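The first sequence begins at -6 in our numbering and counts up one residue at a time.
Keep in mind the hints are simulated off the structure, nothing from the lab. Given the structure is predicted, the values throughout are model-derived calculations rather than measurements. Be a bit skeptical, because a hint or two may be false.
[Unchecked claim] PhoX-like cross-link-like pairs, simulated, lysine-lysine; straight-line CA separation at most 25 Å: (1) LYS450 to LYS417; (2) LYS255 to LYS274; (3) LYS237 to LYS28; (4) LYS237 to LYS318; (5) LYS330 to LYS318.
[As the list claims (entries may be wrong)] Distance ranges between label pairs, derived from CB positions: (6) ILE309 to ARG95: 54 to 60 Å; (7) SER419 to LEU354: 41 to 47 Å; (8) ALA327 to ASN177: 24 to 30 Å; (9) GLY71 to ILE309: 31 to 37 Å.
Even for Gly, the Cβ is constructed at its ideal location relative to N, Cα and C.
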Amino acid sequence: MSDKRVRVRFAPSPTGGLHLGGVRTVLFNYLFAKKNHGDFILRIEDTDQNRYVEGAEAYISDCLAWCGLTPDESPVAGGPYAPYRQSERKAIYREYAERLVRQGNAYYAFDTPEELEQNRREIPNFQYGQVYRDGLRNSLSLTEHEVNELLDAQTPHVIRIKIPADERVSFNDMIRGQVSFETNQVDDKVLLKADGMPTYHLAVVVDDYLMKISHAFRGEEWLPSAPVHLLLWDYLGWKADMPKWVHLPLILKPDGHGKLSKRDGARLGFPVYAMNWFDAKTGELTPGFRELGFLPEAFLNLLATLGWNDGTGQEIFTLDELVEKFSLDRISKAGAKFDFEKAKWFNSEWIKKLNAESLKLKVKAVLEGKGIVVPDDDYLLKVIEQVKDRCVLLPDFYHQAVYFFEGPKEYDVNSVKPKWTEAKTSFFNTLITALSAIEAWEPFVLETTFKGLAEEKAIKAGELLLPFRIMLVGGKFGPHVFDIATLLGKRETIVRIEKALGVFAD
RNA sequence: GGCCCGUUCGUCUAGGGGUUAGGACGUUAGAUUUUCAUUCUAGAAACAGGGGUUCGAUUCCCCUACGGGCUACCA
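Given the sequences, and given the hints that come with them, work out the whole structure.
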């Protein structure tokens, strides 16, 4: 086991889904761990049973597998500090919560949620803390006898941390430097809920300690609760083992304001989740980058460069390169607005960078998903080589390559018919004969034959190339027309000319 | 409201006491490709404001403004 141990947490709840920020946190954890030959640990924080979503845990495993970010220790893989699922560690948290109560650093609170809500409504700036705690129902304000009676009667209660007055807690964040807080501003957070489950605050400290976590990465939104965690590390007597803190900048909405959320995806027309997420309860499908046609390489790449750079201007990185070049001091402090246009650019770069063989399976899936029969892999490989530079997302391969597998169903007749002549019909009829005679079916041979014939018929090649293209492809797009014809083969090329001729000369 | 964090082209960012403030996405124009895309070339585009410190500030300090986060028996 390494002395560098980092963990990510995942809450299988609707709001804790695996969105961009989540994956980026996972990625930075992974990069840091691998760079330092450390351990990358996945914990499932199912601390809130009411919000637990069925299938969410499997979903995150799938996401991580798709990205290639496999944890060294996880609920599935196990590890020396199992279990890694918080619901299975329930007893542990109570033990430490009770210890804090005995030490006087925490206390029982019997106030009902309704009472608290009323206080918040009626008292401006109400917080459960040193100012108001004496007037509320807890083991600090009640007598020992009263407390024991309530406890014996199984009165629902929580355990809250007792935040000290007039202190300043400070700590060193690896990205932000020294950060400090006045304890008077911090309220007595709930540590253990009435249902016996810990809140994030307790669980994260206890688990990080027991699992010997050395570095804790998390989003900047956690910065305000850091003093609670600091105090807990102190009260539990573990301060020397406290992990180094790394609070990552947030990923923001591309327009307007605020942190990127699930809803922004639907609103702005791009995914915010790694993979499609289907919520069985609501029947709602939240689209993912994978299904939209992103390559995992590109997805990771774009996430890594959102808030981090290597200082050289390089933008395209493999996962191995990222591991090699990653460093905490090159993470920026400011939040970054997500730019979908740039995200797509990363994907197109990766499609260009990857060879046909690496793309084969994914492209095949796209084509077969559209009902195309792919005859053999060698042919598919050649097709991919021809069209990959013009694809941004994986589904683009359908439109860019469909004519290699099926003749055009429709023709862009407007580009051909108005300028069609008898002479052209005659040209193509002769071309069919000429093509039939060709033995070496290669681009160069086709081109010379084509152009030679055009000269014979005294028609400019430019007048014929576009019709020829439309005969083969159906529209004004695609690679060089003779490359297409070469790949299509003699028979298919002739068949397509004949068929289109019927339409054009009509 | 309170607390915390932040601020360089529209966006992601590099830089850092003296620079023509660099790159990328997007955008504009042109070249190439007898299609489209790719590719190439060029262009427009930024140091939030005010005070200090200093010979000199975009860079360091303070204030203001703006942005963001948190302020639950959610994470």
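Hints, verified against the model:
Taking the CA atoms of LYS450 and LYS417, the gap is about 9 Å. The hint holds against a cut of 25 Å. The hinted pair formed by LYS255 and LYS274 meets the criterion: a straight-line CA distance of about 16 Å does not exceed 25 Å. As the CA atoms of LYS237 and LYS28 are separated by approximately 16 Å, the hinted pair is consistent with the 25 Å bound. For the hint pairing LYS237 with LYS318, the CA-to-CA distance comes to about 20 Å; that is within 25 Å, so the pair holds.
Annotation: proposed proximity of LYS330 to LYS318 holds, straight-line Cα distance about 23 Å (limit 25 Å). One distance hint, 54 to 60 Å for the beta-carbon pair ILE309 and ARG95, holds here, with the actual separation near 56 Å. Range check, SER419 to LEU354: Cβ separation about 46 Å, and the 41 to 47 Å hint holds. Range check, ALA327 to ASN177: Cβ separation about 29 Å, and the 24 to 30 Å hint holds.
Taking the beta carbon of each, GLY71 and ILE309 are about 36 Å apart, inside 31 to 37 Å as hinted.
No hint from the list above goes unmet by this structure.
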